[in-house]
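S.K.: Could you slot chain B onto chain A? The hints should help.
Residue numbers (our numbering), protein chains in the order written: chain A, 209 to 365; chain B, 209 to 365.
Hints listed in this document are in silico derivations from the structure and should not be mistaken for laboratory results.
Treat the hints with care, since some could be wrong.
[Unchecked claim] Only pairs whose alpha carbons sit at most 30 angstroms apart, straight line, appear in this in silico DSS-like list of lysine-lysine:
1) A:K254 <-> A:K210
2) A:K329 <-> B:K286
3) A:K225 <-> B:K218
4) B:K329 <-> B:K233
5) A:K225 <-> A:K329
6) B:K225 <-> A:K244
7) B:K244 <-> A:K225
8) A:K218 <-> B:K233
9) B:K210 <-> B:K263
10) A:K286 <-> B:K286
11) B:K225 <-> B:K286
12) B:K263 <-> A:K233
13) B:K233 <-> B:K254
14) B:K233 <-> B:K210
15) A:K225 <-> B:K225
16) A:K329 <-> B:K329
17) B:K225 <-> A:K218
18) B:K233 <-> A:K225
19) A:K286 <-> B:K329
20) B:K286 <-> B:K233
21) B:K250 <-> B:K218
22) A:K233 <-> B:K225
23) A:K306 <-> A:K225
[What the hints assert, rightly or not] Sample of chain B residues at the chain A side, in silico, Cβ under 8 angstroms:
24) L230
25) W243
26) T289
27) S290
28) F296
29) P338
30) V342
31) Q349
32) R352
33) S355
The beta-carbon is built from N, C-alpha and C at its ideal position, and this holds for glycine as well.
Here is what each chain is made of, one letter per residue.
2 protein chains.
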Amino acid sequence: MKIQLWSVGKPNESFVKEGIELFTKRISNYYAVEWKVIPMPKNAGKLEANILKIKEGEIILSSLLKDDYLILLDERGKSFTSEALSNFIEQRAGESLKNVIFLIGGAFGVSEFVIQRANFKWSLSNLVFPHQLVRLILAEQIYRACSISRNEQYHHV
Amino acid sequence: MKIQLWSVGKPNESFVKEGIELFTKRISNYYAVEWKVIPMPKNAGKLEANILKIKEGEIILSSLLKDDYLILLDERGKSFTSEALSNFIEQRAGESLKNVIFLIGGAFGVSEFVIQRANFKWSLSNLVFPHQLVRLILAEQIYRACSISRNEQYHHV
Numbered sequence: 209m210k211i212q213l214w215s216v217g218k219p220n221e222s223f224v225k226e227g228i229e230l231f232t233k234r235i236s237n238y239y240a241v242e243w244k245v246i247p248m249p250k251n252a253g254k255l256e257a258n259i260l261k262i263k264e265g266e267i268i269l270s271s272l273l274k275d276d277y278l279i280l281l282d283e284r285g286k287s288f289t290s291e292a293l294s295n296f297i298e299q300r301a302g303e304s305l306k307n308v309i310f311l312i313g314g315a316f317g318v319s320e321f322v323i324q325r326a327n328f329k330w331s332l333s334n335l336v337f338p339h340q341l342v343r344l345i346l347a348e349q350i351y352r353a354c355s356i357s358r359n360e361q362y363h364h365v
Numbered sequence: 209m210k211i212q213l214w215s216v217g218k219p220n221e222s223f224v225k226e227g228i229e230l231f232t233k234r235i236s237n238y239y240a241v242e243w244k245v246i247p248m249p250k251n252a253g254k255l256e257a258n259i260l261k262i263k264e265g266e267i268i269l270s271s272l273l274k275d276d277y278l279i280l281l282d283e284r285g286k287s288f289t290s291e292a293l294s295n296f297i298e299q300r301a302g303e304s305l306k307n308v309i310f311l312i313g314g315a316f317g318v319s320e321f322v323i324q325r326a327n328f329k330w331s332l333s334n335l336v337f338p339h340q341l342v343r344l345i346l347a348e349q350i351y352r353a354c355s356i357s358r359n360e361q362y363h364h365v
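Just chain A, with the same shape it has in the complex (with noise of 0.2 angstroms):
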């Protein structure tokens, strides 16, 4: 299984860049891993929010194959424990997926497509947090999540 992280928008910005990278390459003794990171159409700051976000869901959904598990943060989710969230990338490691997504919307959140399209919906946080922060969050959850299932030190420290 090859764990994708997708976010939409501008490339990491410095004061996300090295904590991602590490996290990122620690997911990678566990998954392979992948970042995408969705560029965000022409002219996005002079579109309406409800037209930025169609477009962007266009982007979204035409670079899904048929079989990709997507898991969007979303407010409106389920929200895990670290606990919670190792289990449920197990559950997906043992039904044979060969893509795990989790998808970081844009600064207006996603289109109903997209919503649709989901498999899951997480809620990271009652806490709203810049998009370059979850980037970092999330790198190190997932990492947190592996460590978990492993039985490994890092979650305890």
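M.R.: Leaving out everything else, chain B in the frame of chain A:
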């Protein structure tokens, strides 16, 4: 009102340093703000968790002034949305407090004495984060809270 951010342990690691500095500087546009890293007791690695917690707790308690308002980050605490955190900080600012301290405990948590001294316990998340990342998240959320209070743009993009 001064906001103090206390944490137990090592200095900031490089993967969070830039982000912590960035958001702390931004907080300083709203409140006087200061970080304090409480060093771990000598031979910390050789001490039992309970002894270590008590020793760390003694250092924390002896560093507090009588009227300091202590917010302990604790998984058994109350959780906030970013808006609720913003209201909470605004309320504290309305109470003529001199110091509001957010305390991130040590690797094994804090002693009962510190828990009893705390004026408020805040559960940051259902997820477990490494202490270094908690520092970054805390700085960002306090900046966000300030920005929400002033109804500025940051929270909405």
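S.K.: It remains to establish, for every hint, whether it holds in the given structure.
M.R.: Now for the hints, and whether the structure bears them out:
Taking the CA atoms of A:K254 and A:K210, the gap is near 36 angstroms; set against the 30 angstroms cutoff, the hint is violated. Using a Cα cut-off of 30 angstroms, the hinted pair A:K329 and B:K286 holds, with the two alpha carbons roughly 24 angstroms apart. The straight-line distance between the Cα atoms of A:K225 and B:K218 is roughly 21 angstroms, inside the 30 angstroms bound, and the hint therefore holds. Between B:K329 and B:K233 the CA atoms are separated by roughly 25 angstroms; this keeps the pair inside 30 angstroms, and the hint holds.
About 26 angstroms separates the Cα atoms of A:K225 and A:K329, which keeps this hinted pair within 30 angstroms; it holds. A distance of roughly 25 angstroms separates the Cα atoms of B:K225 and A:K244; the hinted pair therefore holds under the 30 angstroms criterion. Among the hinted pairs, B:K244 with A:K225 is consistent with the structure: their alpha-carbon atoms are about 25 angstroms apart, no more than 30 angstroms. The suggested pairing of A:K218 with B:K233 holds, with an alpha-carbon distance near 23 angstroms, which does not exceed 30 angstroms.
Of the pairs offered as hints, the one joining B:K210 and B:K263 holds, with about 26 angstroms between alpha carbons and a cut-off of 30 angstroms not exceeded. Annotation: proposed proximity of A:K286 to B:K286 holds, straight-line Cα distance about 19 angstroms (limit 30 angstroms). Pair hint B:K225 plus B:K286 holds up; C-alpha atoms about 28 angstroms apart against a cutoff of 30 angstroms. Distance hint between B:K263 and A:K233 is unfulfilled; the C-alpha atoms sit about 36 angstroms from each other, more than 30 angstroms.
At most 30 angstroms may separate the alpha-carbon atoms for a hinted pair to count; B:K233 and B:K254 exceed this at roughly 37 angstroms. This hinted pair checks out: B:K233 and B:K210 have alpha carbons roughly 14 angstroms apart, not beyond 30 angstroms. For a cut-off of 30 angstroms, the pair hint linking A:K225 to B:K225 stands: about 12 angstroms separates their Cα positions. As the CA atoms of A:K329 and B:K329 are separated by approximately 29 angstroms, the hinted pair is consistent with the 30 angstroms bound.
The straight-line distance between the Cα atoms of B:K225 and A:K218 is roughly 21 angstroms, inside the 30 angstroms bound, and the hint therefore holds. A distance of roughly 20 angstroms separates the Cα atoms of B:K233 and A:K225; the hinted pair therefore holds under the 30 angstroms criterion. A hinted pair counts as satisfied when its Cα atoms are at most 30 angstroms apart, and A:K286 with B:K329 qualifies at roughly 24 angstroms. For the suggested pair B:K286 and B:K233, the alpha carbons sit about 27 angstroms apart, so the restraint of at most 30 angstroms is met.
Our distance criterion of 30 angstroms between C-alpha atoms is met by B:K250 and B:K218, whose separation comes to about 13 angstroms. For the suggested pair A:K233 and B:K225, the alpha carbons sit about 20 angstroms apart, so the restraint of at most 30 angstroms is met. Pair hint A:K306 plus A:K225 holds up; C-alpha atoms about 27 angstroms apart against a cutoff of 30 angstroms. At a threshold of 8 angstroms, the smallest CB-CB gap from B:L230 to chain A is about 6 angstroms, leaving the interface hint in force.
Interface hint at B:W243: violated, since its Cβ lies 16 angstroms from the closest Cβ of chain A, which is beyond the 8 angstroms cut-off. The interface hint given for B:T289 is met, as the beta carbon of that residue sits about 5 angstroms from the closest beta carbon of chain A, less than 8 angstroms. For B:S290, the interface hint holds, since its Cβ comes within 8 angstroms of a Cβ in chain A; the closest pair sits about 5 angstroms apart. Interface hint status for B:F296: violated, as the beta-carbon distance to the closest one in chain A is roughly 13 angstroms, over 8 angstroms.
For B:P338, the shortest C-beta to C-beta distance to chain A is roughly 7 angstroms, which falls under 8 angstroms, so the interface hint holds. Checking B:V342 against chain A by beta carbon gives a least distance of about 11 angstroms; that is not within 8 angstroms, so the hint is violated. Hint status for B:Q349 relative to chain A: holds, with the closest Cβ pair at about 6 angstroms, below 8 angstroms. Here the hint on B:R352 is kept, as its CB sits about 7 angstroms from the closest CB of chain A, short of 8 angstroms.
Checking B:S355 against chain A: minimum C-beta separation of about 11 angstroms lies over 8 angstroms; hint violated.
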